[in-house]
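Residue numbers (the working numbering), protein chains in the order written: chain A, 453 to 839; chain B, 453 to 839.
One or more of the hints may lead you astray.
Stated by the list, open to error - Chain B stretches covered by chain A per the calculated footprint, using a threshold of three residues with CB under 8 Å from any CB of chain A:
#, segment
1, 488–494
2, 519–528
3, 589–597
4, 624–634
5, 785–797
To be verified - To give an idea of the chain B side of the interface with chain A (calculated C-beta under 10 Å), a few residues:
#, residue
6, Trp510
7, Leu511
8, Thr514
9, Gly677
To be verified - If the Cβ cut is set under 10 Å, some of the chain A residues that face chain B in the computed set are:
#, residue
10, Asp621
11, Ile622
12, Lys626
13, Gln629
14, Ile662
Just so you know, these hints were derived from the structure itself, not from any lab.
Just so you know, even glycine gets a beta-carbon here, dropped at the ideal spot from N, CA and C.
Protein chains: 2
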Amino acid sequence: MPCQSQARNGLFRRGAIRFRTCPMKINGIPYRSIRLDEADGWSIRILDQTRLPWQVEWLRLTDEDQVAHAIRSMQVRGAPLIGAVAAYGMALAMRRDPAALEPVAAMLGETRPTAINLRWALEKMLAVLRPVPAAVREAAAYAEAAAICDDDAATCEAIGRHGLPLLQDIAARKPGQRVNILTHCNAGWIATVDWGTALAPIYMAHDAGIPVHVWVDETRPRNQGAALTAWELGAHGVPHTVIADNAGGHLMQHGEVDIVIVGTDRVTRRGDVANKIGTYLKALAAQDNGVPFWVALPHSTLDMRVADGVRDIPIEERAAEEVTDITGQDAEGRITRIRVAAAGSPAANPAFDVTPARLVTGLITERGRVAASEAALAALYPEKIAR
Amino acid sequence: MPCQSQARNGLFRRGAIRFRTCPMKINGIPYRSIRLDEADGWSIRILDQTRLPWQVEWLRLTDEDQVAHAIRSMQVRGAPLIGAVAAYGMALAMRRDPAALEPVAAMLGETRPTAINLRWALEKMLAVLRPVPAAVREAAAYAEAAAICDDDAATCEAIGRHGLPLLQDIAARKPGQRVNILTHCNAGWIATVDWGTALAPIYMAHDAGIPVHVWVDETRPRNQGAALTAWELGAHGVPHTVIADNAGGHLMQHGEVDIVIVGTDRVTRRGDVANKIGTYLKALAAQDNGVPFWVALPHSTLDMRVADGVRDIPIEERAAEEVTDITGQDAEGRITRIRVAAAGSPAANPAFDVTPARLVTGLITERGRVAASEAALAALYPEKIAR
């Protein structure tokens, strides 16, 4: 099941961005995190992220309800990937009933509240499909979903290129020593279509011979760091160390972190950053210790309709069991769920927090690095203001 | 196995402090976290904290090696309790060989590096036992260990009384609403001999009818919050909610935390606070959101020999498996260990961090509340300066 560009070409141009498709590898074989099934050419294959790091299982999705379930249950997660998968959910729905455009978009749009890419992708699909006759909606939907995926891969590759100089600069300042990057949650290639956002510059630096080392926050409660980021980095050969989410501040106090790079689920027009719960705490520690705190994002993560992120970005409250219970592999290799918390103790599980722009050193976008401010974002994305 | 004061009296005076013994209950029965075995009168019973919250198991310790193992393996943990158990470890050793005073103290002193109470208790034992003839060292050691335990219980009760007004004040400002306290790790009665440090004011407020509610940080990697604090609070009937360590900042941003109270393993003479890894991140969030951040400690936790905590407090690095693997109870009730992190990914496990005094609103001691500053601490504990 190797990598397959939906556009079926290995090297091409989109706008000003030149990129290779599918650089990300598992055991040396390049993959994208979403693709059409090779056998039937219409159903969707996704890497089931609830099975990682124990099993690499490519789940087949055949209708929009399966897509909604995959997003809700976090079989797919990561803001850019959620958008891409939702786009294909629209394509699957059009295959069955071209008239179901609006209700399917509304249903998919309600699967998760925080990542704005979901809304962005669905609005893009609606804009293409609404004017199109029912008879050709299926073809148009598949074409647009493929374009969204290719665009995301190209965008993430560009994010990588614009983030790379940050790591090159650190490497130049401390020759012969490792460049220590701390990241939270998973903003790697499996959170996007390819490359990743926060991890894209790290992969490029590693491939370029810079001695990067990544502190991987385990990212409770769902352990996307310990389970997904560590797996991704390990599969690609990038040196890394898993740490409890509690450890980052201590490491920064002792000079063990050169830079923090995280992804995001939504950035407001003034630069407030929603990301996995706990990101805000790392931003505070970075500020307190003079460590640069960068946020990597594609254009699809910008929400120009919101200014004050703490006040206005909806924060998903997920099930208490994600906190009280943990899934892992027992000594016999069985995937087992255990309860960690005291019996009868309730739990709360806000899934995201918002880091105010004042704590963000800068944003790494596909158009370049930019300050987390309304003026800078408006200058970089003028077409988003006009809308 | 009910509560047993080593001094065998239910209400008595020690200095200016009046207290009841053994207010802390499991299912309505009062207990202390350490006591002499009822049957033989000389061996030690401890609550095995590696079995909580699943089993209430009173482990019997009969020699200093078992005591050392119990401390290292964290069957007993919590700075004050470590000191009390080490004191009884000396008593057990004196029973076998009164000449082994110095080597046993050195051995016990190396079991864990960060909590200063361990050194404090051993120095106290040495000061009593060194001048005493070998023939009476056993009796003297048991008497001093009992005094250390009674002193700790009295001290913690006084900490509770001095912390209580903080919660009463909050309750008075928001009548009819719950008082939300966030705590990290476990600084309850099972971390001490009785009452606890950070939890003592909370127990008193609850018992006084103040509608307290505790946000319990789960406290990765060893989950002392989810497993121990939640169990303690639940057993005593105090309303609480377990949260991922990542969630505290978000809750503070949204006004859901009125006060943070934590315990500590060592406070320097200028007020820097070593405590469970991740405490520093909560202190930063508290400061950023104007939430008072208080630290509760007995006199035995003060280390006047150290000023700069970040630089000079030794931070214990524990096993990587504590991060990569988690123990809990499976669906069939079996205590099971599972691996959460990706196979082959290494982990780092610093067990404590240091919160600079500038982030600490104040200290709650058995002598009253005090600023986290050199001048304030010197005024409150003049005898500690003289040494």
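Here is how each hint holds up against the structure:
1. Here's how the segment 488–494 of chain B fares: 0 of its residues keep a CB closer than 8 Å to some CB of chain A, so the rule of at least three is not met and the hint is violated.
2. As drawn, the segment 519–528 of chain B meets chain A at 0 residues by the rule of a beta-carbon pair under 8 Å; below three, the given contact is violated.
3. Counting residues of the segment 589–597 of chain B whose CB falls under 8 Å from any CB of chain A gives 0; the rule of at least 3 is not met.
4. Only residues whose beta carbon comes within less than 8 Å of a beta carbon in chain A count, and the segment 624–634 of chain B has 0; fewer than three means the coverage is violated.
5. Counting residues of the segment 785–797 of chain B whose beta-carbon sits less than 8 Å from any beta-carbon of chain A gives 10, enough to reach three: the coverage restraint holds.
6. Because the beta carbon of Trp510(B) sits about 18 Å from the nearest beta carbon in chain A, more than 10 Å, this interface hint is broken.
7. For Leu511(B), the suggested interface contact is broken, since its CB lies about 19 Å from the closest CB of chain A, more than 10 Å.
8. Hint status for Thr514(B): violated, given a least beta-carbon distance of 30 Å to chain A, over 10 Å.
9. The closest approach between the C-beta of Gly677(B) and any C-beta of chain A is roughly 9 Å, which is under the 10 Å cut-off, so the hint is satisfied.
10. Because the smallest distance between the Cβ of Asp621(A) and any Cβ of chain B comes to about 25 Å, over 10 Å, the interface hint for this residue is violated.
11. At about 20 Å, the closest approach between the beta carbon of Ile622(A) and any beta carbon in chain B exceeds 10 Å, and the interface hint on this residue is violated.
12. Nearest Cβ of chain B to the Cβ of Lys626(A): about 20 Å, over the 10 Å cut. The hint is violated.
13. Because the smallest distance between the Cβ of Gln629(A) and any Cβ of chain B comes to about 17 Å, over 10 Å, the interface hint for this residue is violated.
14. A cut of 10 Å between beta carbons decides the hint on Ile662(A): the least distance to chain B is about 20 Å, and the hint is violated.
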